[in-house]
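Protein chains in written order, with my numbering: chain A, 1 to 322; chain B, 1 to 161.
Worth flagging that the hints you see were computed from the coordinates, not collected in a lab. Note that CB positions come from ideal geometry on N, CA and C, so glycine has one too. Heads up, a few of these hints could be off.
[Said to hold, decoys possible] Ranges between beta-carbon positions, derived for each pair:
#1 A:Asp43 / B:Leu152: 27 to 35 Å
#2 B:His68 / A:Lys152: 50 to 58 Å
#3 A:Ser246 / B:Lys113: 28 to 36 Å
#4 A:Ile147 / B:Lys42: 39 to 47 Å
#5 B:Gly25 / A:Ile147: 40 to 48 Å
#6 A:Val114 / B:Ala36: 42 to 50 Å
#7 B:Gly122 / A:Gln313: 52 to 60 Å
#8 A:Gly284 / B:Asp98: 58 to 66 Å
[Unchecked claim] Take a look, some chain A residues computed to stay more than 10 Å from chain B by CB distance:
#9 Gly155
#10 Pro178
#11 Gln211
#12 Asn218
#13 Pro250
[What the hints assert, rightly or not] Listing some non-contacts, in silico: residues in chain B with all C-beta distances to chain A over 10 Å:
#14 Val102
#15 Arg104
#16 Pro148
#17 Val155
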Amino acid sequence: LAAQLSLSLAECPGTGSAQAGRAAACQGCPNQGLCAAGAAGPDPAEAAELRARLRAVRHTVLVLSGKGGVGKSTFSALLAHGLAADETKQVALLDIDICGPSIPKMMGLEGEQVHQSGSGWSPVYVEENLGVMSVGFLLSSPDDAVIWRGPKKNGLIKQFLRDVDWGEVDYLIVDTPPGTSDEHLSIVQYLSATHIDGAVIVTTPQEVSLQDVRKEINFCRKVKLPIIGVVENMSGFVCPKCKNESQIFPPTTGGAEKMCQNLNVSFLGKVPLDPQIGKSCDGGQSFLAEAPESPATLSYRSIIQRIQEYCEQHHLQEEKIM
Amino acid sequence: ALAERTNLAGVRHILLVLSGKGGVGKSTLSTELALALRSAGKRVGILDVDLCGPSIPRMLRVQDSAVHQCDSGWVPVFVGQDKAIALMSIGFLLERPDDAVVWRGPKKNALIKQFVTDVAWGELDFLIVDTPPGTSDEHISTVEALRPYRLLGAVLVTTPQ
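From just these sequences and the hints, can you work out the full model?
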């Protein structure tokens, strides 16, 4: 059995591939039915619906990790705030972490509900130009556990993309849960109806995080999702009193920078630990606004700018091709 | 059914380490708990059901080990200073350590069931089950598969914020 399992692990063509459910290694796999039926992705009618709904979205950025607790939601929230600082830009933040939705709290929107109109579900607006959607808004109480298996989670993610009236959006940022599973496969497959500029991958410096992040990088390559770059969070702590720098999570194997060199992936920058970040998140405020002079703010802003430049360049290239 | 009862029949207590939140130290605690119990003379096993991000093999420095079979099923990898802690993780089944396990729920559920029923744990005082963040397939399947056995309870891990 162990030999059989190891074999199928090696030969699984991937749930997103054209061979999904049809390769020799698929025989006897519990996923075979789902993969072969193409239930993994949207059917043509659904794809057309999604394409129509997302037509007015100019740029889409996925925030991924593989590892939990590294700062994906924090980063997604600050990326959204950072981009929305330009009042001429319309920003949308979609939280597809169904089991642990952090975005409502971080954006100061706890307790908000989703309203419906003729044109679909209305996002919850933090600012006029910053709209948010999360399963958190659908719970009757914030402590309600969403104990769902994959298929039900996929269904909600599809609804988020199909039924939310995002309107004209310059940047759609998608915050994801840790891992490489249903949510990640689904978002990539559903968004293939439109296009994804790329993924920003967040990590912390230690090897235990990096080993999960390398898997995430491989996931991106497997599903042909471009990688905008990697952000190293919680990278050092400068004591405000003595100014001494400590490595709270020592990069025993060279940190994200070395990993990026080895895997030929862009390194977007390091963000140091700042206790104010956690406080701002708990308080639903933008850390960038509450601590504009913090070294962490300067790092975030520089990284956000690089992401913006990547998206603009990407857009120019696409226009050239068209 | 007889084989299933045999593999976990010798395990006195089963302890789940849960959180909901990622990155709070579940795997770290699972590892330290196992090592501490072992120091106290207990027979310990760790079942790592984090299929997407298995951290335990690296923490116990056995990431290059492989899993073998015996008559009663899979033989766990023995770790720790005296090689007396039994460990099972998907990490041992990967061809390359950076291979992403990109599986949907049903396939994850099937493997978890196998981990519970097909690993020859032997006589253990404690089986510690390390879980991924969330409340989804892995958690539902693990609790369902372990329900017939002596589930001691869950330790929940968090950070202050």
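So is B:Arg104 really clear of chain A, every C-beta pair being over 10 Å apart?
-> For B:Arg104, whose nearest Cβ neighbour in chain A is about 5 Å away, the distance does not exceed 10 Å, so it is violated.
Does B:Val155 sit more than 10 Å from chain A, CB to CB?
-> It holds; B:Val155 is separated from chain A by about 17 Å at its closest Cβ, greater than 10 Å.
Outside-interface status for A:Asn218 - nearest CB in chain B farther than 10 Å = violated, 4 Å
Please settle this one: B:Val102 was flagged as non-interface, so is its CB more than 10 Å from every CB on chain A?
-> violated, 5 Å
Do the Cβ positions of A:Ile147 and B:Lys42 conform to the proposed distance bound of 39 to 47 Å?
-> At 32 Å between Cβs, range violated.
Holds or violated: 52 to 60 Å for the Cβ distance of B:Gly122 and A:Gln313?
-> For B:Gly122 and A:Gln313 the Cβ distance comes to about 59 Å; the hint holds.
Holds or violated: is the Cβ of A:Gln211 farther than 10 Å from all Cβ atoms of chain B?
-> Violated, because the least Cβ-Cβ distance between A:Gln211 and chain B comes to about 6 Å, which does not exceed 10 Å.
Is it true that A:Ser246 and B:Lys113 lie within 28 to 36 Å of each other by Cβ?
-> Once the Cβ atoms are compared, 44 Å apart, the range 28 to 36 Å for B:Lys113 and A:Ser246 is violated.
Could you say whether the range 42 to 50 Å given as a hint is met by the Cβ separation of A:Val114 and B:Ala36?
-> For A:Val114 and B:Ala36 the Cβ distance comes to about 46 Å; the hint holds.
If you check the beta carbons of A:Gly284 and B:Asp98, does the distance land in 58 to 66 Å?
-> violated, 37 Å
Decide, holds or violated, for the assertion that all CB atoms of chain B are farther than 10 Å from the CB of A:Pro178.
-> The assertion about A:Pro178 is violated, with a minimum of 4 Å to chain B.
Between B:His68 and A:Lys152, does the beta-carbon spacing fit 50 to 58 Å?
-> violated, 37 Å
In summary, the numbered hints that this structure violates are 1, 2, 3, 4, 5, 8, 10, 11, 12, 14 and 15.
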